[in-house]
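**Student:** What follows is the residue order along each chain.
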Amino acid sequence: MIHAEPAEMTRLAQGQGFLSLRGLTRRYDHFTAVDDLNLDVAKGELVAFLGPSGCGKTTSLRMIAGLVPASSGHIVVDGRDLTGVAPYKRDMGLVFQSYALFPHMDIARNVAFGLEMRKVPKAEAAQRVKEAIAMVRLTGREHHRPAQLSGGQQQRVALARALVVRPSILLLDEPLSNLDAKLRDEMRTEIRDIQKRLGITAIFVTHDQMEALTICDKVVVMNHGRLEQVGTPHEIYEHPKTAFVAGFVGRINRLSGRASGGVAQVAGITVSAPGFEGDVDVMVRPHRMVLSTGPAPADAGLHQLSGTVTRATFAGDILEYEVEAAGTLLKTEASTRGGEALLAPGTPVTLSWRPQDTFVYAAS
Amino acid sequence: MIHAEPAEMTRLAQGQGFLSLRGLTRRYDHFTAVDDLNLDVAKGELVAFLGPSGCGKTTSLRMIAGLVPASSGHIVVDGRDLTGVAPYKRDMGLVFQSYALFPHMDIARNVAFGLEMRKVPKAEAAQRVKEAIAMVRLTGREHHRPAQLSGGQQQRVALARALVVRPSILLLDEPLSNLDAKLRDEMRTEIRDIQKRLGITAIFVTHDQMEALTICDKVVVMNHGRLEQVGTPHEIYEHPKTAFVAGFVGRINRLSGRASGGVAQVAGITVSAPGFEGDVDVMVRPHRMVLSTGPAPADAGLHQLSGTVTRATFAGDILEYEVEAAGTLLKTEASTRGGEALLAPGTPVTLSWRPQDTFVYAAS
Amino acid sequence: MDERPVSPALKIAAGLMFLFLLAPLLVVLPISFSGDDFMAFPPSSWSAKWYGAIFANSVMMNAFWISLALAFVVTVLSLGIGLPAAYALVRLKPPGAEALSNLFSAPLLLPTIVLGLALLLVFAPMGLIGSFQGLVAAHLIVTLPYAVRVLSTALANLPLTVEEAAGMLGARPLTVFFRVTLPMMRSGLVSTTALCFLVSFDEVVLSLFMTGPRLQTLPVAMYNHVDQQADPMAAAISVLLVVLTLAVVLVVDRTAGLTRTFVK
Amino acid sequence: MTSLALSHAEPRRLGPLGTASALLLPIAVVNAIGFLWPVVNLLKMSFREAQASGALGAGYNLDTWTSALTDSFTLELITNSVGVSLLITVLTLIASYPIALYLHRSTGTWRTVLMVLVVAPLLTSAVVRTYGWIAILSDRGLVANALMALGMAEPPRLMFNLTGVVIGLTEILMPYMILALLSGFGRLDPRLEEAALTLGASPLKTFWRVVLPLTAPGMALGGLLCFVLAISSFVTPKLLGGGRVFLLATEIYDQAIVTLNWPLAATLSMIVLVVFGISLTLYARALRRIA
Amino acid sequence: ETNLTVMAYSGLFQERYTKAVIEPFMKAHPDIKVTFFPLPSSAAMLGNLRAQKAAPQADVVIMDVSVSKAGTDEGLFTKIDETNIPNVKDLYPNARIPSVAGVGVTFDNLVLLYNAEQVKEAPKSWMEMAKAPYKGKVVIPGVPDIQGLGLVLILNKANGGTDYLANVDKGLTAVAEIAPNVQTWEPKPEVYAPIITGQAALGVGYNARAQVNSEQSGGKIKATIPQEGTIFQINTINLVAGAPAAEAAKTFVNYALSPEAQKSFTETMFYAPTNSKAEITGAALDRTAVKNLDKVMAVDWIALAQVRDKIAEQWRRRVLPASR
Ligand SMILES: Nc1ncnc2c1ncn2[C@@H]1O[C@H](COP(=O)(O)OP(=O)(O)OP(=O)(O)O)[C@@H](O)[C@H]1O
Ligand SMILES: Nc1ncnc2c1ncn2[C@@H]1O[C@H](COP(=O)(O)OP(=O)(O)OP(=O)(O)O)[C@@H](O)[C@H]1O
Ligand SMILES: NCCCCNCCCN
Ligand SMILES: [Mg+2]
Ligand SMILES: [Mg+2]
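Protein chains in written order, with the working numbering: chain A, 1 to 364; chain B, 1001 to 1364; chain C, 2001 to 2264; chain D, 3001 to 3291; chain E, 4001 to 4324.
Read the hints as simulated data drawn from the structure, not as lab findings. For glycine and all other residues, C-beta sits at the position ideal for the given N, C-alpha and C. The reader is advised that the hints may include incorrect statements.
Computed far set for chain C versus chain E, every beta-carbon distance over 10 Å [stated by the list, open to error]:
1) S2007
2) P2008
3) K2011
4) L2022
5) L2068
6) L2079
7) P2095
8) A2156
9) P2173
10) P2183
Mimicking DSS-like on lysine-lysine, the simulated pairs with C-alpha atoms at most 25 Å apart in a straight line are [said to hold, decoys possible]:
11) K182(A) with K1218(B)
12) K218(A) with K1331(B)
13) K2011(C) with K1089(B)
14) K1218(B) with K331(A)
15) K1130(B) with K3205(D)
16) K4131(E) with K4295(E)
17) K2049(C) with K89(A)
18) K3205(D) with K1122(B)
19) K182(A) with K1241(B)
20) K4220(E) with K2049(C)
21) K4124(E) with K4135(E)
22) K3044(D) with K4053(E)
23) K1331(B) with K196(A)
24) K1182(B) with K182(A)
25) K43(A) with K89(A)
Label-pair ranges, simulated between beta-carbon atoms [stated by the list, open to error]:
26) A1362(B) with A300(A): 28 to 38 Å
27) A4303(E) with F2020(C): 43 to 53 Å
28) D193(A) with P3190(D): 33 to 43 Å
Next comes chain A alone, as it looks inside the complex:
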């Protein structure tokens, strides 16, 4: 079916976004890779798809690009249903997780390809190719073939190739996964700037939570092919709707407890748990647990647990600790800013955190 019925059309057009997904679903033989995805992306917005490996991120992107037909559901861009529209007519750019560079063309021709297709005048195209290659730090490699480049270099070519055409929608499938943190940082900013400058609407698939939080306007968290939560980075991080989101976006400590009458008992302390009854999972981010060696800070407003250090790791900006408390292993961290020495395993410590940093969910 190429065109939606008029009635359907109206409903579809009501989507608020420039790009809207309506009930997007993709089934394989025995397996639903993407399940009833609904999403609105505003023009010029950058949305991150975040989720564990195999949750359907790539599949969603491929459906949007038109490379995989949806089993059901619609993709609507600017009020227009794209069902049945060929990929090359969609004016979208896609950076493949596997690069998919043209093996028979050198780097410059790989990057120039999209411009040629758009019949951009030679001189302008050459200029833009040059800029794009410079942007991904590959100047001087223009005449290498993809097989002669390292993995990260290939990924950068793929990025340049997609960006140079300035598509109206840009789909990026883990475009930075093979880059080192420094370059990733720079490329991320670069992508962000270009995207904002040109007003490109972009979807950015990543498995890197930090990347998702910093680059995007909106984060979409997926799990098992389903959408778990959509929100701003702050919403997702500070107010995760589900235990999965809490656990997936940012690190988390999990404690089991029992709720009744609006409060939950967990590891000997009482936390507020309005609306919960029975077994609950209580979660706190390691970063939000303050570790102290002296007597516990006497702040009645804080939750506190005592324990002993079981593992300590130097991680650059921070020190990572594993603390055994209330029969559970809890993670926490300390800044290295003060130049503190790593606490030895066995050191008795206290963990304190604010009530508002405590998440409660029905036990899974």
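With the hints as your guide, set chains B, C, D and E with the ligands onto chain A.
**Tutor:** This is chains B, C, D and E with the ligands only, laid out in the frame that chain A set:
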């Protein structure tokens, strides 16, 4: 040449490591991918290779594995020069950056391959394959073909395939680059545990500084095919020998200054710079710059700069700021632990840091 | 991304098999320089006269040019017809693709003698016997199956994502095909071209039925020649063809970089 | 027909039947005129009344079919042809594989020269090639002389019998096999061999467990082509078989050209078609296992 | 000007027939342009004729008698006799076959071929081929080829066989004796080359080709008619029914059967003439079977066709096993 001369032999055997690289070099036509690499790795040690894309990490690993002949130099394992020893006789495991799964075998048979080659009895092999698959969280997918798996799933199979044989040396080429942070965290710990438990000597190539710092006993920083610095994570992070290492491992702010008489003038402040004369680069990690809005903390021991916020980003555990001070854009960060609101661009702020957090290098 | 060292075992095995493959040719080479009037090994005397005889033989020379033109036309048509067919079968997978692809291979399985006879009965009333068009049509029937099979295999082995990437960059299917798919199929295309050209250039049996009074292909002329006089001229022609092919390919290689087509 | 998508995940839904038909039209026309029609003719021919003089009777009957199918010689022809063709296919594969692999791994001008050498036998006329084989294999040939020099009193007969046919056809089919193999070697990613090596597989094991399975599509294609070419070849069997080897194709030749019994030639041809159809089905099944 | 197409054997036959017959004919008839349509075998010619039955393109065909019988039975030819071709009246009787539309245009006969270096004296008997020194040195085109068949018929008669249409047991037994010595039953392209090169010492072939080959090889190959005798192979010339140039065709056929054309072709290719009036020079005549007509055994090729299959089957069962 398969055997070294006796005199040479002795010299080689003097290497302290279980695995020693001696002057390892790999040249391509016009290009030296790896240049005179010298390194000793003790038995059971886990060494991380860290460096920008294209710096020669994969090439080094491939030489160690025997897949690429060295242009010159030697690889010595347990006092034995491996020059001319075929890859399959080296008892090394290698996780490929590009997975390199056998497309014609299902997951279970991919993982079982190395055990078969070692003629491990059927029952034991089946048990170990099962465990390895469980370890990478792919139970239930045993009979899928690689093409039916997502990128991250494939990477995990590659990992299981290499680990299951318990090689004496394990080479990992960005084995976690396609995994989400949560899984990466878990897998990292898992790899670390197995490696320690079995006493495997391992080299772990990564572009993720955090990963390098937390997982390994020793970090090797490479650049342009050359070794920049070898040291413990703490040494590398806190005492980077070169500007490149300082900039590559962990984020960094760079300020230009002039040194003379043991001190350097930079952005209106004076920092200690013993032994430097002329132009210098002064570097400070964003994490070590404390941002304050009120009057600057009156600590005479701290370096201080005033400026204005130009960009503020929520990044989960931290808030990232860009501050314009002394005509330069400086990065800094604040913990979200206290629940502080993001400062608006334009807010006047002061950055303070300890003198020992200041790195000085001759200007490049 | 790297050089693949070839193992000595493979070198030895390949060398031995090459020896087997070229054995008859290695004997034919000295025979072609025979001073005798009959093919025999070893020759009792040596001479290059049979090479001279080729150029003096207008029947052979004419037949050579006809064969060359024929093989060229047949190869171009085989690619032109086979490539779309392979694409349709592999990529568009219409219902019954497998049956169709079997049907298209089927002409290979009739002994050419039968096919020749069967074609004769069909082509003669159409006035195609003894005509260039008739020869082209007959040869196409045997070259097309090769073309379709080899091209299909080559096509099926290509990574799809690369073509998808081209589509995403705005290339229409036809552009994707010509700019991406086709270049990536190079080694399959070279195989197909070589096969079709050789099969056509070498075909005797069908040609025997299809040639006419004024139209002879080289293999037919050689067959007739050897049938009557088993002199070493045929050996000289064979050697000359091999040398000529080698020379042409090397020149093309030097100028157009044919070997690049083999480098992935 | 708005959808010309290059996506192939579900081509049946996306793939416009019209495009496919258009692309398949030319080959269908060639096939119909050059194969289907002649074959239908042939089928008709197989039912024609065969007169002893070689003349075709006006009527149709089942006589040729009945006698062909009840004649034990026909069965012998079929089993012989299939057996010999299979043997030749296997030998051709074994002989061609190292060359193809070597070619796949060599580069530059050297590779080009080797490619030409591979196809060189095809440029040599069959009759001339046979003279080459005679010089090598005949009772006084190079091989016999070498064997006698090594002390063998009576060297085995190497040509003008089945051995000669097998040797000759294997050699002549090698170029086809090599070209087919090369076109199917695309999946042979060197990384995979390296992976096997690092997992402790010796080069031989790597070959068996990784290289060979990955090149299976090429082998299947080459095997198919060679089997078909072998079962339908009659020039080489005639030249090198010494009149002692009876195959379907040579018998068809004799019936069509010498005895002039066209209905029988047609009947035997239809039998070849059936044998081939069965082979093709088995082949497709094998292929599905590989893929 | 009329275009006339003559369909006949390719190769040497084409070359020599063109020179000896067609060119002189065209000189004599400037209004007729003859095109030689060469085909490798009689069967291929029959194929062409069958395919073009509705609209023939060839006018005259020269082919083996048994094939022209088939063509006759299918109505492909116009009957040739004195009424339409005057020269027919001068033909030898065995050139006129009642059940065949065409008439004999050449006679050829089977000969025992031998390599002059390996065999010093002309063998007296076909059975020389069974002798020990010739192990693996004998080449015979086997049944169903007429040459092998002819050998069976000759030896059948020599060993006391009477009616070859009833059975040829005696002939087969004799050939089975030769069989162990046989190198190949499929000499290719023909039987002459292996004997010239010495790859074989003895063989069975046709006289005309043997003579030409002997000439060309400087006497390396020689031919003889052994004491047991020989048989004729007959090529007929036929008028294609419904031919486009029917009148010119008759003119040509008449010329082809004329004493001068017969003489000319015999002297070029050593086929025996079918016209009794042809006066052949002595040297050429010596090289044909004409002087040995008494040694030629009469064969009814038309009747033989009926039992050819049966003989082929027995050949496979009795002769081939002896030659393995
Ligand atoms: N052709 C297929 N047949 C069957 N299952 C498939 C197919 N393609 C993908 N899948 C499955 O669909 C699920 C989603 O795959 P997808 O590639 O979208 O994951 P992803 O979120 O991109 O993962 P990653 O982060 O590892 O790349 C996976 O479980 C995968 O195994
Ligand atoms: N066959 C080759 N020919 C020429 N240059 C090569 C070849 N193989 C690798 N190189 C070059 O050698 C350098 C090192 O490559 P290598 O793959 O070791 O990098 P890497 O450190 O692993 O990078 P990444 O993190 O991107 O994977 C690169 O600049 C690459 O382009
Ligand atoms: N049927 C036998 C006719 C013999 C005449 N020789 C002609 C040579 C044809 N190749
Ligand atoms: Mg993915
Ligand atoms: Mg790498």
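**Student:** Each hint: holds or not?
**Tutor:** Now for the hints, and whether the structure bears them out:
No Cβ of chain E comes within 10 Å of the Cβ of S2007(C); the nearest lies about 41 Å off, and the non-interface call holds. Interface exclusion of P2008(C) from chain E stands, the closest Cβ pair being 40 Å apart, more than 10 Å. Every CB of chain E lies more than 10 Å from the CB of K2011(C), the least distance being 36 Å, so the non-interface label holds. For L2022(C), the condition that its CB be more than 10 Å from all CB atoms of chain E holds, with the nearest at approximately 22 Å.
Every beta carbon of chain E lies more than 10 Å from that of L2068(C), the smallest distance being close to 21 Å; the non-interface claim holds. Chain E leaves L2079(C) outside its interface by the beta-carbon criterion, the shortest separation being 30 Å against a cut-off of 10 Å. Distance check on P2095(C): its Cβ is at least 37 Å (rounded) from any Cβ of chain E, clearing the 10 Å threshold; non-interface status holds. For A2156(C), the non-interface assignment is confirmed: its Cβ lies about 40 Å from the closest Cβ of chain E, beyond the 10 Å cut-off.
Residue-level check passed: P2173(C) sits 44 Å from the nearest beta carbon of chain E, beyond 10 Å. A cut-off of 10 Å between C-beta atoms confirms that P2183(C) is not in contact with chain E; the least separation is 44 Å. With a CA separation close to 20 Å, the supplied pair K182(A) and K1218(B) stays within the 25 Å bound. For the hint pairing K218(A) with K1331(B), the CA-to-CA distance comes to about 23 Å; that is within 25 Å, so the pair holds.
Between the alpha carbons of K2011(C) and K1089(B) the distance comes to roughly 22 Å, so the proposed pair stays at or under 25 Å and holds. As the CA atoms of K1218(B) and K331(A) are separated by approximately 23 Å, the hinted pair is consistent with the 25 Å bound. At most 25 Å may separate the alpha-carbon atoms for a hinted pair to count; K1130(B) and K3205(D) meet this at roughly 23 Å. For a cut-off of 25 Å, the pair hint linking K4131(E) to K4295(E) stands: about 23 Å separates their Cα positions.
Only pairs whose Cα atoms come within 25 Å are accepted, and K2049(C) paired with K89(A) is rejected, the gap being roughly 66 Å. Between K3205(D) and K1122(B), the direct Cα distance comes to roughly 18 Å. Compliance with the 25 Å bound is thereby established for this hinted pair. Annotation: proposed proximity of K182(A) to K1241(B) holds, straight-line Cα distance about 18 Å (limit 25 Å). For the given pair, K4220(E) sits about 20 Å from K2049(C) by alpha-carbon distance, which is consistent with the 25 Å threshold.
Taken as a hint, the K4124(E) and K4135(E) pair is honoured in the structure, with Cα atoms around 18 Å apart against an allowance of 25 Å. A C-alpha spacing of about 17 Å is found between K3044(D) and K4053(E), which places the hinted pair at or below 25 Å, so the restraint holds. A distance of roughly 21 Å separates the Cα atoms of K1331(B) and K196(A); the hinted pair therefore holds under the 25 Å criterion. Between K1182(B) and K182(A) the CA atoms are separated by roughly 21 Å; this keeps the pair inside 25 Å, and the hint holds.
At most 25 Å may separate the alpha-carbon atoms for a hinted pair to count; K43(A) and K89(A) meet this at roughly 19 Å. Taken as a hint, the range 28 to 38 Å is violated for the pair A1362(B) and A300(A), whose Cβ atoms sit roughly 54 Å apart. Against the hinted window of 43 to 53 Å, the Cβ-Cβ separation of A4303(E) and F2020(C) comes to about 50 Å, which satisfies the hint. In this structure the supplied range 33 to 43 Å holds for D193(A) paired with P3190(D), their Cβ-Cβ distance being about 39 Å.
Hints 17 and 26, counting from the list given before, are not met by this structure.
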